[in-house]
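> Below are the chains, spelled out letter by letter.
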Amino acid sequence: MPRETVYNAKIERIQILDEDGNFDAKLGKGLLTNEQVVNAYEQMTICRHLDEIAFKLQRSGRMGTYPQNKGQEANPMGSAMAMVKGKDWVIPCYRENIAMHLHGLPYHYILLHWMGDERGNQIPKGVNMAPLSVPIGTHMLHATGIAWSMKLRKEKDRAVITYFGDGATSEGDFHGAMNFASTLQVPVIFFCQNNQWAISVPREEQMNSPTVAQKALAYEMPTVQVDGNDLFAVYKATKEARERAIKGGGPSFIEGVTYRLGDHTTADDARRYRDQAELDAWLAKDPLIRTRKYLEKQGAWDDKKQAKLDERAQKIVTEIVRAAEGIEAPKTNDFFDHMFAELPEALRRQRDTMRTSSLGQDPSQIGLQGRSAPETVEAGR
Amino acid sequence: MTTAYTPELTEIKDAIHPALGKVEIPDFVSESELPSRDGDRVIQYREALREAMTEEMRRDERVFLIGEEVAEYNGAYKVSQGMLDEFGPKRIIDSPISENGFAGMCIGAAMMGLRPIVEFMSWSFSLVAADQILNNAPKMLYMSGGQWGCPIVFRGNDGAGGQLGSTHSWCVEGMFANVPGLKMVIPSNPYDAKGLLKTAIRDPDPVFFLESERMLGDKAHVPEEEYFIPFGRARVCREGDDITLISWGRPVHFCMEAAEKLAGDGIECDVLDMRSVRPLDIDSVIESVKKTNRIVVVDQSWPFGSVASEAIAQICERCFDWLDHEPVRVNTIDVPTPYAKNLEAAYLPNAERILEAVRAVVSE
Numbered sequence: 001m002p003r004e005t006v007y008n009a010k011i012e013r014i015q016i017l018d019e020d021g022n023f024d025a026k027l028g029k030g031l032l033t034n035e036q037v038v039n040a041y042e043q044m045t046i047c048r049h050l051d052e053i054a055f056k057l058q059r060s061g062r063m064g065t066y067p068q069n070k071g072q073e074a075n076p077m078g079s080a081m082a083m084v085k086g087k088d089w090v091i092p093c094y095r096e097n098i099a100m101h102l103h104g105l106p107y108h109y110i111l112l113h114w115m116g117d118e119r120g121n122q123i124p125k126g127v128n129m130a131p132l133s134v135p136i137g138t139h140m141l142h143a144t145g146i147a148w149s150m151k152l153r154k155e156k157d158r159a160v161i162t163y164f165g166d167g168a169t170s171e172g173d174f175h176g177a178m179n180f181a182s183t184l185q186v187p188v189i190f191f192c193q194n195n196q197w198a199i200s201v202p203r204e205e206q207m208n209s210p211t212v213a214q215k216a217l218a219y220e221m222p223t224v225q226v227d228g229n230d231l232f233a234v235y236k237a238t239k240e241a242r243e244r245a246i247k248g249g250g251p252s253f254i255e256g257v258t259y260r261l262g263d264h265t266t267a268d269d270a271r272r273y274r275d276q277a278e279l280d281a282w283l284a285k286d287p288l289i290r291t292r293k294y295l296e297k298q299g300a301w302d303d304k305k306q307a308k309l310d311e312r313a314q315k316i317v318t319e320i321v322r323a324a325e326g327i328e329a330p331k332t333n334d335f336f337d338h339m340f341a342e343l344p345e346a347l348r349r350q351r352d353t354m355r356t357s358s359l360g361q362d363p364s365q366i367g368l369q370g371r372s373a374p375e376t377v378e379a380g381r
Numbered sequence: 001m002t003t004a005y006t007p008e009l010t011e012i013k014d015a016i017h018p019a020l021g022k023v024e025i026p027d028f029v030s031e032s033e034l035p036s037r038d039g040d041r042v043i044q045y046r047e048a049l050r051e052a053m054t055e056e057m058r059r060d061e062r063v064f065l066i067g068e069e070v071a072e073y074n075g076a077y078k079v080s081q082g083m084l085d086e087f088g089p090k091r092i093i094d095s096p097i098s099e100n101g102f103a104g105m106c107i108g109a110a111m112m113g114l115r116p117i118v119e120f121m122s123w124s125f126s127l128v129a130a131d132q133i134l135n136n137a138p139k140m141l142y143m144s145g146g147q148w149g150c151p152i153v154f155r156g157n158d159g160a161g162g163q164l165g166s167t168h169s170w171c172v173e174g175m176f177a178n179v180p181g182l183k184m185v186i187p188s189n190p191y192d193a194k195g196l197l198k199t200a201i202r203d204p205d206p207v208f209f210l211e212s213e214r215m216l217g218d219k220a221h222v223p224e225e226e227y228f229i230p231f232g233r234a235r236v237c238r239e240g241d242d243i244t245l246i247s248w249g250r251p252v253h254f255c256m257e258a259a260e261k262l263a264g265d266g267i268e269c270d271v272l273d274m275r276s277v278r279p280l281d282i283d284s285v286i287e288s289v290k291k292t293n294r295i296v297v298v299d300q301s302w303p304f305g306s307v308a309s310e311a312i313a314q315i316c317e318r319c320f321d322w323l324d325h326e327p328v329r330v331n332t333i334d335v336p337t338p339y340a341k342n343l344e345a346a347y348l349p350n351a352e353r354i355l356e357a358v359r360a361v362v363s364e
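Protein sequence lines correspond, in order, to chains A and B.
No gaps in the numbering here: position 78 of the first sequence is 78 in my numbering, and each next residue is one more.
No gaps in the numbering here: position 168 of the second sequence is 168 in my numbering, and each next residue is one more.
Where hints are given, some of them may not hold.
Said to hold, decoys possible - Per label pair, the in silico range of CB-to-CB distance: (1) 26/B / 13/A: 55 to 63 Å; (2) 356/B / 348/A: 53 to 61 Å; (3) 247/A / 35/B: 48 to 56 Å.
Claimed, not checked - Pairs of lysine-lysine residues, derived as PhoX-like cross-links and limited to a Cα-Cα distance of at most 25 Å, are as follows: (4) 125/A / 139/B; (5) 70/A / 304/A; (6) 247/A / 10/A; (7) 297/A / 26/A; (8) 219/B / 341/B; (9) 247/A / 87/A; (10) 297/A / 308/A; (11) 239/A / 285/A; (12) 219/B / 87/A; (13) 247/A / 154/A; (14) 285/A / 297/A; (15) 90/B / 247/A; (16) 331/A / 139/B; (17) 151/A / 90/B; (18) 125/A / 87/A; (19) 315/A / 305/A; (20) 247/A / 85/A; (21) 239/A / 29/A; (22) 90/B / 154/A; (23) 85/A / 10/A; (24) 156/A / 90/B.
Hints are computed from structural coordinates only; laboratory data are not their basis.
The model shown is predicted, which means the values in this text are computed figures rather than measured ones.
A virtual CB, placed ideally from N, CA and C, is assigned to each residue, including glycine.
Whole structure, please, built from the sequences with the hints as guidance.
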């Protein structure tokens with residue numbers, strides 16, 4: 001036979017809860033209890049409040065550049081719920097505040113990071129998470145390496161989830177990570193938050209493929225597209241991927257289709273390149289609205305509860321900001337602390353004098369005997 | 001969630017370097033206490049590297065080797081010959097051709113406490129992994145606020161390998177040594193190669209270990225007993241009072257060749273092999289310059305912003321008044337590495353060019 005089909009493929013899409021709050025009872029049967037959904041809705045709401053405050057903090061000069069999570073909360077929420085805290089590892093990009101919080105990172109650490117303090121990346125002991133990653137895609141390889149070390153050490157019942165955007169799938173790191181994960185069959189879940197935009201470049205200019213999920217086919221990896229604003233679909237897909245991973249089934253790929261309702265970061269203004277009509281259409285698909293509609297239909301939510309939640313969220317967020325701003329600003333001495341396991345002599349001299357020249361560092365220098373080092377400079381936040 | 005936000009930590013505590021607790025940092029001895037360099041256990045540079053890796057892998061099961069062709073093929077340059085047989089495919093790992101991929105993945109493995117040795121067939125190929133090896137590994141500890149170190153060794157051939165053409169002959173030290181957070185080691189002989197590589201594997205920070213294809217076949221006595229050479233300690237290869245000659249890696253041999261010829265003319269050189277450039281043992285250089293009052297720095301990378309430039313800047317800062325002649329650099333010529341045999345030889349900081357520089361410096 002001169003020509004035959006040697007590979008057939010299809011991409012499935014999962015949606016359980018649509019934008020009107022309609023629920024697919026068959027697909028979603030027994031997936032999440034009302035209590036779990038209420039909890040998830042509350043978490044997403046708190047995250048949204050934090051997002052709004054973070055934006056204002058940046059605008060008032062109290063914080064550096066910040067990437068809003070707005071509109072994408074169901075992706076990290078549903079997927080983080082499907083992973084096991086304290087056991088699995090979360091390797092985030094930078095739009096997964098909820099996932100980081102749910103797996104043990106205090107929210108004020110995240111703010112501290114965006115306030116420009118590396119100590120916000122000082123993941124507390126027992127929290128299985130890497131610092132959030134901003135260079136685009138580089139952390140996907142670290143996630144693969146972490147999953148690989150689990151496999152090498154025969155650590156059963158653990159998996160890794162890593163997040164990235166649609167734009168990151170153009171990076172070599174993405175393809176390297178996918179190839180290694182697949183050839184080594186390690187327990188890692190690649191979760192693409194397809195939010196349609198890589199700063200100002202729309203998805204269709206980023207790639208010619210109609211789905212991101214199909215990129216995983218090249219690596220013979222189980223792959224699925226889900227409605228990323230649908231908490232249930234995201235949870236279901238991640239749960240299945242995790243089960244596969246811990247049973248030795250190797251890596252999986254999930255494309256969570258969502259939309260970046262905010263700007264890329266506070267340094268961006270999406271109105272300059274994005275149609276208002278497109279934004280409006282997606283505002284209607286907001287995961288918070290949809291989850292609330294579901295809960296109201298279930299009789300598990302009402303305006304009174306919403307008012308109470310908003311009030312509580314405001315209080316919580318205020319405390320988060322207070323905690324982050326309450327941390328004493330780092331001193332210039334501090335930036336020498338985490339350069340090496342032990343401070344090398346040349347750096348010690350720089351620390352003691354705050355000079356990169358040798359002035360004052362070598363006592364035998366002519367004319368410098370007795371000259372003392374300058375006072376260490378205190379940095380203000 | 002029913003409670004208000006109750007942060008467990010309102011104060012950031014000092015982090016502990018995660019790798020440190022599990023690292024057995026060797027007790028370094030002085031140069032004179034190291035095993036003798038003289039003896040009849042003569043092996044090749046590549047074998048010395050293999051011994052270092054093998055000894056450390058026998059001792060510590062967290063150590064593994066990954067790279068292109070390192071397993072079945074026994075290494076593109078046979079450095080890992082026989083290691084697959086001893087350690088099996090789980091610890092001697094043939095990688096897909098994806099330098100950025102395996103470098104990044106091993107950073108993840110190192111964050112989890114494994115201790116990868118990453119072989120680049122050539123450091124020229126590490127350029128495609130630059131984001132991982134420069135933008136991630138050396139910053140991991142810093143950017144995680146001290147939470148994750150990166151105990152990893154990147155090793156491979158550096159510099160002109162003998163008619164490999166410009167894209168395969170990179171000398172990366174000039175460019176990479178600029179980056180804070182990494183250590184860079186460039187051994188010039190089999191004895192040092194073994195002692196330094198063992199130290200590199202034990203080191204809790206990322207180490208860039210630069211070998212040379214042109215030296216892999218070099219032979220010397222390498223002791224059987226275990227020894228470690230610390231980073232940042234230069235070795236005096238030859239003593240003299242007239243001029244200080246410093247270098248690292250392969251050009252150390254060019255310096256020794258030049259010094260031998262100069263001795264015939266009555267010019268005695270103090271030759272220092274720096275062994276590591278990050279950290280750089282500038283104190284030993286200063287000490288020598290205060291004795292000889294003259295210095296030539298030999299470096300097989302391009303002159304602009306090179307390690308030689310840095311060494312000379314520090315010499316000027318710290319012992320300007322001891323100098324009887326301006327310091328002189330001998331680098332490779334500032335062009336891509338030529339393909340032609342004669343041009344490549346002329347391009348390198350060879351003994352001829354060193355002789356010329358030294359004669360100029362001592363004549364005034």
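> If a hint holds in the structure, say so; if it does not, say that too.
We went through each hint and held it up to the structure:
1. About 57 Å separates the C-beta atoms of residue 26/B and residue 13/A, a value consistent with the hinted range of 55 to 63 Å.
2. Distance hint for residue 356/B and residue 348/A: a CB-CB separation of about 39 Å, inconsistent with the stated range 53 to 61 Å.
3. One distance hint, 48 to 56 Å for the beta-carbon pair residue 247/A and residue 35/B, holds here, with the actual separation near 52 Å.
4. Annotation: proposed proximity of residue 125/A to residue 139/B holds, straight-line Cα distance about 20 Å (limit 25 Å).
5. The suggested pairing of residue 70/A with residue 304/A holds, with an alpha-carbon distance near 24 Å, which does not exceed 25 Å.
6. Note on residue 247/A and residue 10/A: the hinted pairing holds, with a Cα-Cα distance of about 24 Å set against a maximum of 25 Å.
7. For the proposed pair residue 297/A and residue 26/A, the alpha carbon gap of about 17 Å is at most 25 Å, so the pair holds.
8. Proposed proximity of residue 219/B and residue 341/B is supported: the alpha carbons are some 24 Å apart, at most 25 Å.
9. Restraint check for residue 247/A and residue 87/A: the C-alpha separation of about 15 Å stays at or below 25 Å, so the hint holds.
10. Between residue 297/A and residue 308/A the alpha-carbon distance is near 19 Å, which keeps this suggested pair within the 25 Å criterion.
11. Proposed proximity of residue 239/A and residue 285/A is supported: the alpha carbons are some 23 Å apart, at most 25 Å.
12. Annotation: proposed proximity of residue 219/B to residue 87/A is violated, straight-line Cα distance about 50 Å (limit 25 Å).
13. For a cut-off of 25 Å, the pair hint linking residue 247/A to residue 154/A stands: about 12 Å separates their Cα positions.
14. About 17 Å separates the Cα atoms of residue 285/A and residue 297/A, which keeps this hinted pair within 25 Å; it holds.
15. A hinted pair counts as satisfied when its Cα atoms are at most 25 Å apart, and residue 90/B with residue 247/A qualifies at roughly 20 Å.
16. As the CA atoms of residue 331/A and residue 139/B are separated by approximately 19 Å, the hinted pair is consistent with the 25 Å bound.
17. As the CA atoms of residue 151/A and residue 90/B are separated by approximately 10 Å, the hinted pair is consistent with the 25 Å bound.
18. Distance hint between residue 125/A and residue 87/A is fulfilled; the C-alpha atoms sit about 13 Å from each other, no more than 25 Å.
19. For a cut-off of 25 Å, the pair hint linking residue 315/A to residue 305/A stands: about 15 Å separates their Cα positions.
20. Taking the CA atoms of residue 247/A and residue 85/A, the gap is about 18 Å. The hint holds against a cut of 25 Å.
21. Proposed proximity of residue 239/A and residue 29/A is supported: the alpha carbons are some 14 Å apart, at most 25 Å.
22. In summary, the hint linking residue 90/B to residue 154/A is supported, as the alpha carbons are separated by about 12 Å, within the 25 Å threshold.
23. Proximity of residue 85/A to residue 10/A is assessed by CA-CA distance (about 33 Å); at most 25 Å being required, the pair is judged violated.
24. For the suggested pair residue 156/A and residue 90/B, the alpha carbons sit about 17 Å apart, so the restraint of at most 25 Å is met.
In summary, the structure is inconsistent with hints 2, 12, 23 from the numbered list given earlier, while agreeing with the others.
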